[in-house]
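Single-letter residue listing:
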Amino acid sequence: MRIRALAATSVLALTIMAPQAMAEVKFGALYPFSGPLALLGEESARGLEIAVDEINAAGGVQGEQVVLARGDAVDPNQAIGEARRLISLENVKAVFGTYSSSRSMAASQVAELSGIPYFELGAVADDITERGFTYVYRTNPTADSMAKLIVKMLVDKVAPALGKEPGDLRIGIIHEDSNYGTSVAGHQEDYGEEAGLNIVSVQGYPASIVDMSSIVLSLKEANVDVVLQTSYQNDSVLFLQQANEAGLKPAAIVGGGGGYSMMPTAEAVGTDLIEGVLDADFTQYAVNTDFTPGLEDFVAAYRDKYGSDPRSGHSLNNYVGAMAILQALDEADGLDPDAILKAVNAIDIENGTTAAGYGIKFGDGNQNERAFMMGMQWQGGKLVTVYPDDAAVAEMAITQ
Amino acid sequence: MIGRAASKEVGTGAKRRRPALAPMVLAALVAAVFIIPTVIDNPFVYHVFITICIFAGLSTAWNLVGGYAGQLSLGHMMFYGIGAYAGVILMNTGVSPWIGMLVGAAVAVVVAVIVSYPCFILRGPFFALATIALLEVFRVLALHFRDVTGGATGLMIQLRLGWEWMVFRDRLPALVIAFGLMLVCLFVGWLIRSRRLGFYLVATRERESAARAAGVPTVRVRLVAVAASAALTAMIGTYHAMYLTFIEPGAVFSLTMSIQIAMFALIGGIGTVFGPFLGALLLVPLTELVRGWLGAQALGLHGFVYGTVLVLAALFMPDGIMGLVARFKGTEGRPDDSTAPQAEAIAAEPRQPADTTEPTPQPATGAEIMRVDGLSKSFGGLRVIEHASFTLREGEILGLIGPNGAGKTTLFNMISGFMEPDQGDVAVRDRAGDWVRPKSPMEYAALGIGRTFQIVQPFAAMTVEENIMVGAFHRHGHVGDARAVARETAHKMGLGPYLDAEARGLTIGGLKRLEVARVMAMEPRVLLLDEVMAGINQTDVRRAIDLMLSIRDGGVSIIAIEHVMQAVMSLSDRVIVLNSGHIITEGPPREVVQDPEVIEAYLGKEFAHA
Amino acid sequence: MDTFLQVLVNGIMLGGLFTIVAIGLTLIFGIVKVINFAHGEFLMVGMYLAYLLTVGLGVHPYVTVVALAPALFVLGALAQRFIIQPLLAARDEHVQIFATVGLSTALINLALMVFGADIVNTPSSGLRTPLEIGPVRVLIGQICILVTAVVAVIGLQLFLGRTNTGRAIRAVAQNRTAAQLMGINANRMHILTFGIGTACVGVAAALVAPLYPTSPNIGTYFVLTAFVVVVLGGLGSIPGALLGAMVIGVVDAMSGFYIGSDLREAVVFGMFLVILILRPSGLLGSRSTLSHVSP
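Chains as they are written, first to last, in full-length UniProt numbering: chain R, 1 to 400; chain U, 1 to 610; chain F, 1 to 295.
In case anyone wonders, no lab produced these hints; they're calculated from the structure.
All C-beta atoms in this analysis are idealised placements derived from N, C-alpha and C, irrespective of residue type, glycine included.
One thing to keep in mind: the hints can contain errors.
[Claimed, not checked] Among the chain R residues that face chain F by a calculated CB cut under 7 Å, a handful are:
#	residue
1	L39
2	V67
3	S213
4	S218
5	V237
6	E296
7	L341
[Claimed, not checked] Partial chain U-side listing against chain F, Cβ under 8 Å, derived:
#	residue
8	P118
9	L129
10	V140
11	W293
Please take these sequences and the hints and turn them into a complete structure.
Spelled out as structure tokens, the structure:
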């Protein structure tokens with residue numbers, strides 16, 4: 001048994017003795033790098049990596065080069081394990097992550113109990129910053145912000161363009177039935193009721209669905225004017241195609257991020273079909289750059305590093321959040337958790353001064369109270385920002 | 001069928017002749033799971049070992065159903081999910097998860113019994129598919145009833161620290177609970193496997209019909225296994241939910257995880273007590289390390305390696321680690337190739353007084369013990385048995401002969417409860433002297449009626465001794481007693497040298513003797529023998545005749561289907577001749593063979609050859 | 001009424017889809033008696049191949065079937081020869097299941113490595129054009145799937161019933177030992193059957209790819225449904241697979257519309273469980289195929 005213990009210790013020692021360079025400060029990058037969420041997990045991590053490159057080029061954090069230790073959060077149990085590994089074996093000063101809400105929930109609780117700051121840059125579940133944690137911060141807008149923006153966009157823009165009162169619009173809500181779709185749809189219902197909208201149908205479905213004809217039919221039966229869909233890629237494509245084929249032609253389709261913000265979705269369904277479809281999501285690239293200074297530099301850096309255009313806005317939003325945090329840490333007095341907290345709490349960035357447009361100031365539950373989503377529309381094969389007006393590069397085009 | 005190593009596990013501790021190395025190594029490994037993390041004292045190491053405990057526990061619990069009972073459940077996470085939800089829901093109403101754990105276990109047991117009962121008629125892959133479907137149904141329902149489960153948004157526990165709430169800032173208490181749960185699972189696994197229940201489960205898995213003939217309540221033992229497994233799985237589910245602090249339907253009712261825990265058992269050795277533990281001990285840290293090395297390298301590389309390893313493991317070590325261990329341990333407990341063919345030759349000498357070696361049929365003086373009245377059976381339009389009536393007396397040997405297809409085995413099946421007659425009934429006098437009408441094989445067995453099968457039905461993965469013990473358990477509930485009876489019976493049957501050999505290694509003659517030995521170990525009052533002498537050599541026939549006579553002298557009644565005429569003539573007090581489903585005659589052997597009808601139907605040809 | 005008709009037609013079209021995917025599994029599961037969890041992944045591989053060929057060569061997606069069917073045949077035959085067959089001797093049939101689960105995991109992740117997690121879309125080449133027939137709409141591609149499914153069912157049924165090879169396959173399925181005594185090479189028949197089963201998946205892939213987005217995980221959705229279809233129809237019964245698929249398709253569409261999309265999986269699997277327990281021989285299976293139920 002002693003031999004075994006020795007062997008185990010030496011194995012662990014081997015893993016601990018990862019190459020160490022001089023004058024480095026290590027942070028954790030905890031994302032789903034494999035498994036079903038790998039695509040956008042990877043995309044999100046790229047934003048963080050670009051932020052780190054930029055900071056390092058400018059001299060690093062407090063004179064030390066930033067190194068990222070990757071953790072693969074394939075599922076919640078794995079997220080916990082990887083968070084523990086990053087914190088206790090890699091000795092990271094803080095953890096950045098996580099894109100997926102359920103992984104974030106699990107991993108951030110580890111950080112909280114260990115007293116290591118955890119910066120959520122992309123997961124949207126409201127609960128993450130509603131637990132009263134001290135060490136968990138979030139820079140990005142939430143599911144709540146998404147639903148709020150969609151409802152506002154319906155009331156402010158869509159209803160007038162159709163020449164109707166908001167209360168006269170018949171609205172169908174469909175969503176994939178995991179945490180993401182369900183919570184956005186729930187908020188859509190709440191804000192919709194508040195705004196006096198007429199919601200006629202709410203339906204969930206599993207994201208792995210291969211046939212949505214029943215849903216399309218029931219929406220057609222319900223005679224909806226507007227469809228709100230919160231979905232991943234596969235189901236966005238299916239819905240748009242099957243709605244078209246079944247002759248369901250609502251006056252507006254509003255997607256909630258996910259599949260609706262992605263170029264492959266447009267390629268899959270064809271630019272004709274997706275023309276005019278609205279979308280609420282993190283800040284994307286076709287946006288008024290006066291409102292999002294630094295966006296072009298980010299895209300250039302992304303192209304340099306990865307040889308393609310960003311695949312979604314996830315990288316941008318992770319980049320903006322990470323930049324704000326890293327810049328604040330540069331100003332901090334040391335990198336122990338308390339110093340980090342102090343520096344981060346002092347962040348006060350105005351709207352319209354970051355590459356994502358939204359400013360950063362942490363409020364209740366350490367949620368960035370200035371974060372908001374933007375409204376986009378597919379026009380001519382591109383996803384252009386149409387709402388709010390400050391950030392818009394094009395007029396919203398609604399045909400009756 | 002399953003895990004050759006399975007059998008070797010059984011109560012080996014008790015019968016080892018020398019202090020065994022394996023149990024000490026195992027104990028050391030189990031202890032190491034607790035000691036290593038406490039010595040290294042690093043949160044990540046704690047996490048890895050807590051995960052080992054959780055998966056080892058889950059896998060061990062799964063093994064009760066998937067291994068011992070041989071029912072491949074791929075939906076076991078439904079019980080885990082029930083435990084997780086019970087724990088979290090109750091905790092959020094202010095009830096300690098320790099209570100939640102018990103509630104979850106109770107609910108899981110109820111669910112397990114309700115869903116398993118109908119599913120037990122399903123075999124192999126179909127049971128697996130049914131459990132997958134059940135798991136999916138549970139997941140969808142958990143998503144749907146969001147008032148209770150929180151739906152897709154999941155449920156979070158309130159972070160209350162302390163032993164009462166099972167949530168800790170320190171890692172040690174979490175390990176203590178996880179380790180404790182694992183020990184409970186291992187203990188239950190060991191306990192079941194080394195008691196009658198374990199023998200019954202393995203026997204049922206290997207040959208359900210033979211198990212039923214040996215009086216095993218096959219459905220009940222499997223339900224007990226499923227209930228125990230579900231309770232343990234649910235308890236771990238509750239604890240793991242507290243450890244994760246957050247649950248959602250997709251994560252707790254997960255098919256991937258269901259397959260994973262089954263896989264740990266496969267790699268370690270399905271059906272063995274410690275195999276699942278070894279599987280988890282090996283694979284959990286390996287997965288963590290591989291993920292560390294490969295996870296960030298390329299999308300999917302890690303999963304690709306994982307899947308490939310699984311295929312290779314299935315191809316090259318289908319018996320798991322325990323199988324490898326057994327192979328390296330050498331031939332102990334395994335029939336040696338050089339000795340197996342000699343099995344016939346070393347058959348025990350008949351140990352009877354000299355005067356009984358001569359065939360001396362005694363008049364059947366006992367009272368009636370079985371009455372068969374007007375039995376009829378037809379398959380489709382074909383009448384296989386028509387109005388068969390006869391009686392059997394205590395201490396009588398009744399020969400049942402007839403040409404192939406006469407309906408002998410069908411008749412046997414009806415008088416042992418394996419087949420329901422279309423008409424007529426069978427009455428048996430019980431020990432108290434009352435006449436009862438048994439229906440199922442179990443009821444027949446309970447009345448002391450034991451049968452063999454024409455096509456031998458050994459419990460292939462068990463040793464000879466364990467095979468006989470399954471019969472012995474009928475009268476002797478304790479392992480020690482059953483073992484003693486089994487050994488005695490084995491020696492009587494000339495199986496003494498093969499006690500530790502696996503049944504699958506015996507020759508056909510050995511298997512026939514094993515078949516009889518298993519029934520004899522039940523200490524039956526009536527013995528139904530279906531062609532036990534077919535295909536064995538002359539010397540053995542002689543021995544078998546002596547043996548049957550000695551059994552009869554012990555007060556046991558025998559009905560024997562037999563083609564070996566020498567045996568029939570010398571043994572039987574009375575012979576019944578069956579032809580085309582009809583009893584054409586019955587009487588003392590010498591009279592029967594002179595019956596022209598019999599000669600025409602059957603014996604004529606035989607005698608012509610003789 | 002029109003809506004009901006539309007739902008019904010949607011269900012039938014879905015049934016066609018399930019038939020074409022499940023028919024290969026009927027052979028593999030129903031006749032070779034191997035539970036192949038990688039069946040869905042064979043479809044996934046086929047769909048990616050269809051995508052590559054269509055985009056790379058600029059041909060109509062249906063043309064790719066000439067390459068897909070042989071390619072998948074080889075893939076299936078190899079899997080049978082080098083993974084399944086060595087395990088036939090294993091005392092534990094569970095080991096086979098684990099091996100195919102491993103194969104499935106490996107293939108999914110291989111696709112993830114090669115193609116990324118992003119979906120790819122095979123050009124639809126006009127197959128997505130809706131046709132209006134009376135009050136209902138269907139896609140040209142869906143009709144093609146349905147027609148091919150029916151043709152494949154008839155073809156396979158004739159092949160198994162009228163040709164010597166087909167009879168040999170059935171003989172091996174019913175009694176391996178007896179068939180071997182008759183001089184049939186059982187191993188070769190199994191490899192052949194498995195290959196034909198996966199070749200059917202190749203045909204399915206060419207038909208399905210232009211209509212549905214391809215992703216590494218697409219197979220996992222289909223595989224459970226395919227098993228449900230095969231068991232429902234009756235083990236090894238080719239017409240049973242068609243009937244089972246139609247029942248599942250219609251139930252899927254009806255429950256999705258009338259009960260709710262979030263519960264339709266529960267309805268489909270619940271129905272599967274009930275049939276498995278109450279009528280284990282399936283809708284068209286005979287009692288003689290009941291090897292999976294204890295006496």
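Verification of the hints:
1. Checking L39(R) against chain F: minimum C-beta separation of about 3 Å stays under 7 Å; hint holds.
2. A cut of 7 Å between beta carbons decides the hint on V67(R): the least distance to chain F is about 26 Å, and the hint is violated.
3. Interface restraint check for S213(R): the shortest CB-CB distance to chain F comes to about 4 Å, inside 7 Å, so the restraint holds.
4. Nearest Cβ of chain F to the Cβ of S218(R): about 6 Å, under the 7 Å cut. The hint holds.
5. With a least beta-carbon distance of about 5 Å to chain F, the hint placing V237(R) at the interface is held under the 7 Å criterion.
6. Against a cut-off of 7 Å between C-beta atoms, the interface hint on E296(R) is violated, since the closest Cβ of chain F lies about 25 Å away.
7. Of the supplied interface hints, the one on L341(R) is violated, with its beta-carbon coming no nearer than about 35 Å to a beta-carbon of chain F, more than 7 Å.
8. Taking 8 Å as the C-beta contact cut-off toward chain F, the hint placing P118(U) at the interface holds, the least distance being around 4 Å.
9. Residue-level restraint check for L129(U) holds (minimum Cβ-Cβ distance to chain F is 6 Å; threshold 8 Å).
10. Restraint check, V140(U) versus chain F: the minimum CB separation of about 4 Å is within 8 Å; hint holds.
11. Evaluation of the W293(U) hint against chain F yields a violated restraint, the C-beta minimum of about 15 Å exceeding 8 Å.
Hints 2, 6, 7, 11, counting from the list given before, are not met by this structure.
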